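> Here the protein sequences come in this chain order: A and B. Each residue of the first sequence is one higher than the one before, counting from 178 in our numbering. Each residue of the second sequence is one higher than the one before, counting from 267 in our numbering.
Careful: at least some of the hints might be erroneous.
Stated by the list, open to error - Below, in silico cross-link-like pairs of lysine-lysine (DSS-like), each with a Cα-Cα straight-line distance of 30 Å or less:
hint : chain 1 : residue 1 : chain 2 : residue 2
1    : B       : K294      : B       : K380
2    : A       : K384      : A       : K298
3    : B       : K461      : A       : K384
4    : B       : K461      : A       : K207
5    : B       : K294      : A       : K298
6    : A       : K298      : A       : K487
7    : B       : K294      : A       : K207
8    : A       : K487      : A       : K384
9    : B       : K461      : A       : K487
It should be emphasised that the hints constitute simulated quantities derived from the structure, not laboratory data. Treat the numbers as computed from the prediction; the structure is a model and nothing was measured.
Below are the chains, spelled out letter by letter.
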Amino acid sequence: MTLSPTSFDDSLFASGDSLLKNASDDIPEKIITVILFSCAFVSVATTFGIVGIIFTETWGFFQEVSLAQFFLDTRWTPLFAEARFGIWPLLNGTFLTTAIAMTVAVPLGLSSAIYLAEYAKPNIAAILRPAVELLAGIPTVVYGYFALLFITPLLRNFLPLEIFNALSAGLMMGIMITPTVGSISLDAIQSVPRSLREGSFALGITKLETIFTVVLPAALSGIMASIILGVSRAVGETMTVLIAAGSQPRITANPLESVATLTAFMAEISGGDSPRGSLSFKTLYAVGAVLFIITLTLNIASYWISHRFKEKYD
Amino acid sequence: MVKSSPTTDSVDTIQFNDRLERREAIGKVFEYLFLIGLLIGLFVLALLVLNILHDGLARLLTPGFLIETPSRFADRGGIRPAIIGSLYLGLIVILVAVPIGVGAALYLEEYAPKAWWTALIEINIGNLAGVPSIVYGLLGLAIFNYLLDFGPTLISGALTLALLSLPVIIVTVREAIRAVPDSLRHASYGLGSTKWQTIQHHVLPYAIPGILTGVIISVSRAIGDAASLVVVGAVSFLTFNPGLFQRFMALPIQIFSYITRPEPSFANAAAATIIVLILLILSLNAVAIYLRQRYSSVH
């Protein structure tokens, strides 16, 4: 016997076994898996870090300032001798500038998305889309500069604006957020199948009517998600409002006046040297907690809407 | 037969045709409205660029602007500490965030089992990408300034920016890795390669153009970010080159500091600094495009 079938099988099995060993039991492979997992874990640690730190300091804040003071008082003067901690003026500033930004970003973003998806020739859309998205790549201090030193002086020819005002800051923020609304809406509109449009055209419905009655309703979840994400970005934007809207915490609906947003206050009070444990340090984190909760809620809502209400076409 | 005289019939047809023409006309009007909506954004962009060039170009070209330290006088001095600060920050962000980001993306795409906790990590990364940069500043202030006791130094700012850019890097690198065809992996396994050998020799080289794009997008964002650095404690006036464990400044902070000065000629210095910052971001993107072309042609 030169080669018995069993011994042949055995040798094959043995070599196969050692191959399997190489693939799964090798020490370096295991080390690599652990290293890569730790990389992924950094993001989890970041979240825990943010949540943990913000809420520890905020807890400390509420040991010194009552919840009633924070939510019922209408004045925000934490650095005055007679300190008042009503959060509403800051929320007012944030909501006012955000509202102005969205009045700009929603129509501009949606019309860009509709034009690129439904009207533009592919080669022109290939140039226009990245051009619009450039707006999102510009550092936000630059928008602040432009709002304060170009838009405000320009508008003061027609309107009795204060030097720092919610209007200019909001308008520039709107331009800045246009690509956020536009890109996500564009993806949503493009994922509406062509057959839906053709069915509508076959019924004698014009292109525009098809867009409003078929395409946009079908893309609604993505569009809503893009708008909510835009709101979240506006709420969290710091430099534009800090530079152009000022730091005057007040309750007003007048866009011509100076306001202070949550973020502008935070940027102003910090500077790396407010000592840890001081009330001003804790105030920074308490305002940060409000900001974090608002943006997190918006982000989750956006994610939920885009996944839960997504129309599926197979 | 009810009433179908030829007259009413033709009247109906005419009315219907008229309305269709009107509807098409309205459609045309809206087409132009949508186009105008798109062009407004581009118009503002053009206006902004021209305005900044107009305000800043002369100041940018004054001798010494790039290589001198700042001065109390608007038309003297330069922005060297800010340029060096931003270069350091960008370099550290790349050194820290890119390996971690690529590692995390590789884990989630190639290794992670389908389980509830991997879904949780994914949702978590999506949410982190939407956290405002000033909140990252709060994290950096507590962890790097106080917990690790680095104080308001360059390393605190750089690590904060690294955390800020991590989610975007992970998301874009994952897309690049997902785009690598499975046939490549199977062919490599078929030749007896281990998982890591497959990743190292086939998946990563194939995904490099996409990875570079993601890295550049997020590093550009980090270099342009001011809010988190304000919280961590960048200074608005610095007369020496920042070192790793020294107080620091960066281009966006320099711009902010110039804008807040009352004298109007500081606005020119701000605009000149904006030009430098945008050129820095553009050249980063140019490098990325060049590398992308090179690697795409290899594969």
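> Compare the structure with each hint and give your call.
Against the structure, the hints come out as follows:
Note on K294(B) and K380(B): the hinted pairing is violated, with a Cα-Cα distance of about 50 Å set against a maximum of 30 Å. Among the hinted pairs, K384(A) with K298(A) is consistent with the structure: their alpha-carbon atoms are about 15 Å apart, no more than 30 Å. The hinted pair formed by K461(B) and K384(A) fails the criterion: a straight-line CA distance of about 51 Å is larger than 30 Å. Annotation: proposed proximity of K461(B) to K207(A) holds, straight-line Cα distance about 10 Å (limit 30 Å).
A hinted pair counts as satisfied when its Cα atoms are at most 30 Å apart, and K294(B) with K298(A) qualifies at roughly 16 Å. At most 30 Å may separate the alpha-carbon atoms for a hinted pair to count; K298(A) and K487(A) meet this at roughly 27 Å. With a CA separation close to 63 Å, the supplied pair K294(B) and K207(A) exceeds the 30 Å bound. A hinted pair counts as satisfied when its Cα atoms are at most 30 Å apart, and K487(A) with K384(A) qualifies at roughly 23 Å.
Distance check on the hinted pair: K461(B) and K487(A) sit about 36 Å apart at the alpha-carbon level, beyond 30 Å; violated.
When held up to the earlier numbered hints, the structure conflicts with 1, 3, 7 and 9 and fits the remainder.
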